[in-house]
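*Asks:* Sequence:
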Amino acid sequence: MSTKKEMNIILAVVICLVFLGVLIFISINGKTNMGSNDTERVITDDFVSQGEEAKAGDTVAMNYTGRLEDGTAFDSNIDPNFGHTDPLEFTLGAGQMIPGFEKEILGMKVGEKKTFKIPPEEAYGAAGRPPVIPPNATLVFEVELLAIQNN
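Take the sequence shown: its letters are residues 1 to 151, numbered as in this note's numbering.
In short, the hints are calculated from the structure, not lab data.
Since the model is a prediction, treat every value here as computed from it, not as a measurement.
Among the hints, a few may not be true.
List time: in silico EDC-like cross-link candidates among lysine to aspartate or glutamate, alpha-carbon distance up to 20 Å [claimed, not checked]:
id	residue 1	residue 2
1	103	79
2	113	86
3	113	45
4	55	6
5	113	58
6	55	45
7	113	69
8	103	89
9	55	122
10	109	69
11	117	45
12	103	58
Sequences are here, hints too, so could you generate the full structure?
*Replies:* As structure tokens, this is what we get:
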């Protein structure tokens, strides 16, 4: 009988060690940015191009819709109700956009579509942008990169 008990104890210890090893592996390899919001920012990212990536100094053109977390759209160039339907153009790294927006556009490729969240500290912060964007608002953007012009 003691041999069967010893085997059960050994089996239990082995199972615990394997489980612990899996947890350690996941914590090291599964989420390398633990404590960072970066992995939680991107909601969807559809890669449709193998072309070059947008980098600082490039002028990019895109379609976009900006929403509050409750889904209320506050700006868009694809919805004619906002009064402007031309693609949004700006130079990456020139400070023309809120920091979180530029951060998410860096590395995108022409044709890529992406939906991402921007925390308040990388958007309009405690001040917001009344009356459209309230204080401490997390913003959600849907973008499609249309063109990259190297500068």
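*Asks:* None of the hints should be skipped; say for each whether it holds.
*Replies:* Against the structure, the hints come out as follows:
1. 103 <-> 79: Outside the cut-off at roughly 24 Å; violated.
2. 113 <-> 86: holds, 17 Å
3. 113 <-> 45: The given pair, whose Cα atoms are some 6 Å apart, holds under the 20 Å limit.
4. 55 <-> 6: Distance of about 61 Å is beyond 20 Å: violated.
5. 113 <-> 58: OK: residue 113 and residue 58 at ~18 Å, within 20 Å.
6. 55 <-> 45: holds, 18 Å
7. 113 <-> 69: Given pair residue 113, residue 69 holds - Cα atoms ~19 Å apart, limit 20 Å.
8. 103 <-> 89: holds, 15 Å
9. 55 <-> 122: Roughly 19 Å between the alpha carbons, so the hint for residue 55 and residue 122 holds.
10. 109 <-> 69: Given pair residue 109, residue 69 is violated - Cα atoms ~26 Å apart, limit 20 Å.
11. 117 <-> 45: Distance ~12 Å between residue 117 and residue 45 Cα, so the pair holds.
12. 103 <-> 58: holds, 13 Å
Consistency note: the structure conflicts with the earlier hints numbered 1, 4, 10.
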